[in-house]
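Q: One letter stands for each residue in the lines below.
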Amino acid sequence: MAFRGRGGREIAAIERLSLDVSDREIVSIVGPSGCGKSTLLRLVAGLVRPTTGEIRLDGRAVTVPGADRGMVFQSYTLFPWLTVQGNVEFGPRLRGLDTAYCREVATRFIQTVGLVGFEHAYPKELSGGMMQRVAIARALANDPEVLLMDEPFGALDAQTRVFMQELLLDIWQKTPKTILFVTHDIDEALFLGDRVFVMTARPGRFREEIRLDLPRPRTLDITMSPAFVAAKRRVLGIIREEAGRTMGLEGAPPAAAGSA
Amino acid sequence: MTVAQPAPAQSALRGLLRGLGEYLRPQEPIPRQTYLGILIASAGGLIALWCVVTYSGLVEPLFLPTPTAILRSGADMTADGSLLQNAGASLYVIVTGWVLAVASGVPVGILMGSFKAVEALIEPVIDFVRYLPVSALIPLLILYIGIGTSEKIAVIFIGTFFQLVLLVADVAAHVPREQIDVSYTLGASRAQVIRRVLLPATLPGVMDTLRITMGWAWTYLVVAELVSADRGLGYLILNSMRGLFTDRIFVGLFTIGGLGLGFDLLFKWLHRRLLPWSPKA
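Chains as they are written, first to last, in this note's numbering: chain B, 1 to 260; chain Y, 261 to 541.
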């Protein structure tokens, strides 16, 4: 899989940005707030159209959203009127697949994210972490080629967040998918990613690519390894520099419309 | 340095004030028993005050009749069927007008809240009419339709329709954008997004709107019936005033209040029953 995006600065606030992602790779994207991280994901999802440039999935140009690119948002996007089961089988049902099959798919992914017993619960009865697990199961139930994750654990407390990171890696280990993971949490980016891209302040560009040759399956122990700590120090340094730039310490260009 | 000992009476007063202070912290919950106590004391106090000023003859019955007088008229009016007949006439008007307004206003509101083009199309009309009190339109409606039941239904319809459209449009406009975006990434077509996401997402808000507009509809009804009517609860009140039957006026008022409260509770019950998933249920 490969995609190339060159969104015009006036809408996307992303410039000269090119990224090739291989199959079953986890790519993390970090950057200061407002750098266009989310816009980049929305471009790949097809929710926003690039003014220039293009996004390719397996050689095909993508222009509209599709079930081949599942997305998980930071905010809780579960459909409150559907149960956990109903939410997870939403995608397969849209395609008019037969009810028994949809049920089976839902059951499998509810099991994957560890929510057996909550099939008939409504989202309002779930905690934030459980809701995000359902959102992941819902995206996976469509069997997408790419999973786009826009700060999916950003609203969770620290403990739940770590648990969710391990869960995500565990799921990936069992059923590898290409994952584009946007976050502002450096530890999270390094822990999950095969590669970590650091974006510059607006207009968003990739400033640095950090390849992490940390062994998989990963456990939290690797966050204490010298390689991890060195990478973290490097990313932290760049982020700090970029954040300073956005705050006008070095005469950053005025912020354009769009959010990240 | 020594501190002067306050007198016992003074310290008791201080204790009471401190106790009151405990219950007057902004937004702080108070014990349920205390809450119920204050509630009952308030309602009971009002009724007691009413009894005292009426039975003692302190206030003339022409202005405020005794509870027994009102109960007696209520029983009489129920027995001769006039109360039921008037309440029935009002209910028929209000329900018909409101149902027509809901049947047309909810779809228009959802369209207006969801599609910017529809909003631009409808906004000029709505923005003008919303500031026009429906009572101001009554003379025109009488001129067009006459003073019969249809005119009352038209008053309820116009009064409810425009407010309903605006409220429902607001509900539809506030369906979280992420829920729509995520549906597209799950493979939904535009029609599927509207039918399977947008519409169900508006249900709790629409349900609330229905409850609120039904409350307002009672106001429009009484205004319409006060202007011109030969039946209905508004007519009953006005007619009782002409005969100085203050007790009958109060029977009419209590009936309107009771029916309004009944509808409110009915809608709350329906909300819990039909939308168990709603955060408000």
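Derived from the structure by calculation, the hints contain no laboratory data. Watch out, some of these pointers could steer you wrong.
Which bits of chain B does chain Y cover? Going by a derived footprint, with three or more residues having C-beta under 8 Å, they are [stated by the list, open to error]:
#, segment
1, 88–96
2, 224–230
Capping the alpha-carbon separation at 27 Å, the derived lysine-lysine pairs in DSS-like fashion look like this [said to hold, decoys possible]:
#, chain 1, residue 1, chain 2, residue 2
3, Y, Lys-376, B, Lys-124
4, Y, Lys-528, Y, Lys-540
5, B, Lys-177, B, Lys-232
6, B, Lys-124, Y, Lys-540
Quick caveat, the model's predicted, so the values are computed rather than measured. Built from N, CA and C at the ideal position, the CB exists for glycine as well.
Q: Does each hint fit the structure? Answer for all of them.
A: Here is how each hint holds up against the structure:
1. 88–96: It holds, with 4 qualifying residues against the three required.
2. 224–230: The restraint on the segment 224–230 of chain B is violated, since only 0 of its residues have a Cβ under 8 Å from chain Y and three are required.
3. Y/Lys-376 <-> B/Lys-124: Roughly 30 Å between the alpha carbons, so the hint for Y/Lys-376 and B/Lys-124 is violated.
4. Y/Lys-528 <-> Y/Lys-540: holds (10 Å)
5. B/Lys-177 <-> B/Lys-232: Holds. B/Lys-177 to B/Lys-232 sits at ~25 Å (cutoff 27 Å).
6. B/Lys-124 <-> Y/Lys-540: Since the Cα atoms of B/Lys-124 and Y/Lys-540 sit roughly 10 Å apart, the hinted pair holds (cutoff 27 Å).
In the structure shown, a violation is registered for the earlier hints numbered 2 and 3, in ascending order.
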